[in-house]
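Chemist: Okay, here's what each chain looks like letter by letter:
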Amino acid sequence: MRKEDKLSWWQALSGFRPSLLIDRLGLDRLSLVLIIIALLVAMPIFTLFVIALSGDFSSLSHLVKNVIPHASKTTFLLLFGIAFLTAIIGSLSAWLVSFFEFPFRKTLSIALMLPLAVPTYINAYAFVEFFGFTGPIQSLVRNIFGFTSSRDYWFFEIRSLGGAIIVLSLVLYPYVYLSMRAIFYLQGRKVIEAASLLGAGHGRIFTNILLPLARPALALGVILVLMEAINDIGAMEYLGVKTLTFSIYSVWLNQGDFAGAAQIALILLVIILALVIFERLARNKQVFSEKEASIKINGFQRVKLNGFAKWVALFASLTPVILGFGIPFFILGFFALRSLKTGFDASLINALFTSISLATIAAIITVMVALFLSYAIRIKNTKTIRTLVRLATLGYALPGTIIALGIFLPLARFDNFVDFYMRDWFGFSTGLLLTGSSITLIFAYVVRFMVIAEGTISAGFEKIPNTLDQASLCYGKSRFDTFFKILLPLMRPAIATAALLVFIDVLKELSATLMLRPFGLETLSIYIHDLASRGRIEQAGLASLIIMLAGLIPIIILMKTLQKS
Amino acid sequence: MTNIKQILTAGISALIISVSIPSAFASDTVNIYSYRQPELIAPLLEAFTNETGIEVKALYLGKGVLERIKAEGKNSPADVILTLDISRLVGLKEGGVTQSVVNTKIDANIPSQYRDSEGNWFGLTTRARVVFASRERVEQNIITYEELAEEKWKGRICTRSGQNAYNIALIASMIANIGEEETKTWLRKVKANLARSPAGNDRAQVKAVYSGECDIAIGNTYYAGKMRTNEENPEQKEWEASVKILFPNSEGRGTHVNLSGMAMAKYAPNPKNALALMEFLSSAKAQEIYAEQVYEYPIKAGTKISPIVESFGKIKPDNLALEEIAKNAAIASRMVDEVGFDN
Chain A
8 MRKEDKLSWW
18 QALSGFRPSL
28 LIDRLGLDRL
38 SLVLIIIALL
48 VAMPIFTLFV
58 IALSGDFSSL
68 SHLVKNVIPH
78 ASKTTFLLLF
88 GIAFLTAIIG
98 SLSAWLVSFF
108 EFPFRKTLSI
118 ALMLPLAVPT
128 YINAYAFVEF
138 FGFTGPIQSL
148 VRNIFGFTSS
158 RDYWFFEIRS
168 LGGAIIVLSL
178 VLYPYVYLSM
188 RAIFYLQGRK
198 VIEAASLLGA
208 GHGRIFTNIL
218 LPLARPALAL
228 GVILVLMEAI
238 NDIGAMEYLG
248 VKTLTFSIYS
258 VWLNQGDFAG
268 AAQIALILLV
278 IILALVIFER
288 LARNKQVFSE
298 KEASIKINGF
308 QRVKLNGFAK
318 WVALFASLTP
328 VILGFGIPFF
338 ILGFFALRSL
348 KTGFDASLIN
358 ALFTSISLAT
368 IAAIITVMVA
378 LFLSYAIRIK
388 NTKTIRTLVR
398 LATLGYALPG
408 TIIALGIFLP
418 LARFDNFVDF
428 YMRDWFGFST
438 GLLLTGSSIT
448 LIFAYVVRFM
458 VIAEGTISAG
468 FEKIPNTLDQ
478 ASLCYGKSRF
488 DTFFKILLPL
498 MRPAIATAAL
508 LVFIDVLKEL
518 SATLMLRPFG
528 LETLSIYIHD
538 LASRGRIEQA
548 GLASLIIMLA
558 GLIPIIILMK
568 TLQKS
Chain B
7 MTNIKQILTA
17 GISALIISVS
27 IPSAFASDTV
37 NIYSYRQPEL
47 IAPLLEAFTN
57 ETGIEVKALY
67 LGKGVLERIK
77 AEGKNSPADV
87 ILTLDISRLV
97 GLKEGGVTQS
107 VVNTKIDANI
117 PSQYRDSEGN
127 WFGLTTRARV
137 VFASRERVEQ
147 NIITYEELAE
157 EKWKGRICTR
167 SGQNAYNIAL
177 IASMIANIGE
187 EETKTWLRKV
197 KANLARSPAG
207 NDRAQVKAVY
217 SGECDIAIGN
227 TYYAGKMRTN
237 EENPEQKEWE
247 ASVKILFPNS
257 EGRGTHVNLS
267 GMAMAKYAPN
277 PKNALALMEF
287 LSSAKAQEIY
297 AEQVYEYPIK
307 AGTKISPIVE
317 SFGKIKPDNL
327 ALEEIAKNAA
337 IASRMVDEVG
347 FDN
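Chains A and B, in that order, are what the protein sequence lines are. If you're matching positions, the first sequence starts at 8 in the numbering used here and goes up one per residue. If you're matching positions, the second sequence starts at 7 in the numbering used here and goes up one per residue.
Hints may contain errors.
Taking lysine-lysine pairs in the DSS-like style, the calculated list, with each CA pair at most 27 Å apart, reads [said to hold, decoys possible]: (1) Lys195/B <-> Lys80/A; (2) Lys310/B <-> Lys250/B; (3) Lys306/B <-> Lys333/B; (4) Lys72/A <-> Lys190/B; (5) Lys310/B <-> Lys320/B; (6) Lys80/B <-> Lys80/A; (7) Lys250/B <-> Lys80/B; (8) Lys232/B <-> Lys250/B; (9) Lys72/A <-> Lys333/B; (10) Lys278/B <-> Lys111/B; (11) Lys291/B <-> Lys158/B; (12) Lys72/A <-> Lys195/B; (13) Lys190/B <-> Lys333/B; (14) Lys278/B <-> Lys63/B; (15) Lys72/A <-> Lys232/B; (16) Lys80/A <-> Lys113/A; (17) Lys291/B <-> Lys80/A; (18) Lys291/B <-> Lys320/B; (19) Lys111/B <-> Lys69/B; (20) Lys232/B <-> Lys320/B; (21) Lys99/B <-> Lys158/B.
Keep in mind the hints are simulated off the structure, nothing from the lab. Values in this document were obtained by computation on a predicted structure and should not be read as measured data.
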């Protein structure tokens, strides 16, 4: 009994009690906890189902006729373009910094993550400014050729589908880059040495060996990118690209049909589900040895590039950083300098503190839950549970406002239910217990970004052969000890990556925050939005820079962790 | 290990508590849910607090105010709701989240066509949707909305998304004025006249006129005031200087106006304070600050108009009942889809 007492509440909650796990009863309890957590994460999707079914489907026939043909074409082209571009940028840059030695390689391997800290709507704004009529590029063109009006010459229009693909790809490719780097680090070194011994060239090794081996990682990265791209509304609205997400809002807000909006949201989910299933099927056909893959070779030597090749590598890995981070940094820095003259706003400090607190809490909780989910699936791998978790984490593909409402509506109902009975039985009001505080907001972050953490951590677990667990159990270690003493240390890079991604995503998150926040809660992204929606985004320059810099800190911590392990 | 966990647990709890202090129920406060950025109304709210000692808490929520209040039900902390568009105002009433306010002072301040007959919502300012025309390339000084469909504007018009609330309201007013079929033909022709696919906000359209991409842009008047006085981004002064404001249909039924407004929440926990705030917002003093700050048209008769607003020119607002606009908004939104206006 004494041993039981020492266990903290969350161990008990998450079912990691060794005594329970050993016997069969414990395992059943584990499944139960697993299912409850998965259902909680899936709550907004269930809510949407209920709402969608409550409607009369009249919007749907209108949409099928007038909106969906065009919007799905746009959405498809957008997703395809972004998948293509991020896959190329992400894997090429990861390949270069993983296997070759060239000037500034180490710095670039960190810098390539920087665009992650740039919210898509900020990058959209920066690109329109930079490449727009009054931006430096077009102004230069006009000065050189003596043009005065935009009708005198042709220039690439950022406010277009092509522009949107570029703008989004440049800040989303780090998802691909990160997962590709991790897999190259773990898998690539042995095969690359073997292949080059056999006389294969670098290009052939990359396309014929490394890429096929890294396909699960590539797929994970690209799917995260696509989910983030499909849920985007801020950048799309600004760039005038009408995706299915855009019609969710017009049906909801202008046609007053929330059920119709939920129906389109579910169509989005089906698209993403199809993508995920397609990827799984493709992956199942692939055979590769888990055991072999996980063995790390010490003393791996990167190929030293000389002459022209060295500069090509430098240029290729510098370009995404300049475009995805340099341009927004330049534009916002320019505005920030200007607005410094008009005075520094004290509420910015407050917003910074709130943002960092929320992001920290959400990152810790999300990673803990994701660890639990992935580990539980590892030791109790049933199809039902796996499917449930997959479904639960798909919510990331939905726009933040919709996810937010999917959480808010049931929780508010719960609050009112509790309040009603507390008044009835004890004569006092508990008010809006959850929805009146930031607990709902944190819950929403955990739900929204679960897929990022769960994907990253599951991928990490896949790298660790199951034989390791079995060996540990054979030596009489408990599941508890095996998890904390053996698996957790090995998982450090994956955990750090997951935490970083969630942290940065929470910093950038806008739509759910806007919708769910309680009185007095201001975050950096809301601060920016406030100014931007009044058309004074220039003033928001400083806040945007702070978001970008705040994102740097965890990136540096992550790099330190990755280098140590 | 245990220590780390305990510290972590304590730390997390402290963080959670520090960011979740619900304090919306203090007695001498009034809580606002707003579709409109609180900073725009900050000077007004400050003046209100100075005058009455009532503290104002404003929460800018953007989309979903209606759904949130509905879900919060009887426990909703919202006292007053502020919105920017007639359809949203009517939507609040139809969604059953407002209550009837009958107050002689407010009724005296706000003309009856700008408030709900049952007192469920009240207008605060009107916002005119006009044509910004290039000073260089457009000679005429009179225009109608109907005229935007004419051949001569081919490739010369810029506007933001047809699904934007301001454009929806404009199209809905056309439906009410000239009928659904006529409006659809009109909208299709306007679409054919666009210089580019709708994108960006109203300011971006004026910028496009400045850059030569188009010759006329559709936008709300107050943006002209905002651009003209923009010290942080002085380029916008040049954009604004390149256009003139034409009030459409000023020789006919008048220019389409939308409404920014307020409503009292059905379960307002501080109804007395809410009423005080609503009275104040409709008063001459607040209306003057409002007009001065945001360059919109005050609603109370006899309020001094700011010199900048005066410089836009004389406005003759369309007297169409605003409920008609709200009634046709959903049809307008579907019409935008049907003619592929945004494609």
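Chemist: None of the hints should be skipped; say for each whether it holds.
Modeler: Verification of the supplied hints:
1. Lys195/B <-> Lys80/A: Distance ~24 Å between lysine 195/B and lysine 80/A Cα, so the pair holds.
2. Lys310/B <-> Lys250/B: holds (23 Å)
3. Lys306/B <-> Lys333/B: OK: lysine 306/B and lysine 333/B at ~25 Å, within 27 Å.
4. Lys72/A <-> Lys190/B: holds (16 Å)
5. Lys310/B <-> Lys320/B: holds (14 Å)
6. Lys80/B <-> Lys80/A: violated (44 Å)
7. Lys250/B <-> Lys80/B: violated (49 Å)
8. Lys232/B <-> Lys250/B: Between lysine 232/B and lysine 250/B the Cα gap is close to 15 Å, so the pair holds against 27 Å.
9. Lys72/A <-> Lys333/B: holds (23 Å)
10. Lys278/B <-> Lys111/B: holds (14 Å)
11. Lys291/B <-> Lys158/B: violated (46 Å)
12. Lys72/A <-> Lys195/B: Holds, because 21 Å separates the two Cα atoms, which is no more than 27 Å.
13. Lys190/B <-> Lys333/B: Since the Cα atoms of lysine 190/B and lysine 333/B sit roughly 17 Å apart, the hinted pair holds (cutoff 27 Å).
14. Lys278/B <-> Lys63/B: holds (15 Å)
15. Lys72/A <-> Lys232/B: Violated: lysine 72/A and lysine 232/B sit about 40 Å apart, past 27 Å.
16. Lys80/A <-> Lys113/A: Given that 27 Å is the threshold and the Cα spacing comes to 41 Å, the pair is violated.
17. Lys291/B <-> Lys80/A: At roughly 53 Å apart (the allowed maximum being 27 Å), lysine 80/A and lysine 291/B break the hint.
18. Lys291/B <-> Lys320/B: holds (23 Å)
19. Lys111/B <-> Lys69/B: Violated, at about 31 Å.
20. Lys232/B <-> Lys320/B: holds (18 Å)
21. Lys99/B <-> Lys158/B: Distance of about 42 Å is beyond 27 Å: violated.
Consistency with the previously given hints fails for numbers 6, 7, 11, 15, 16, 17, 19 and 21, ordered from lowest to highest.
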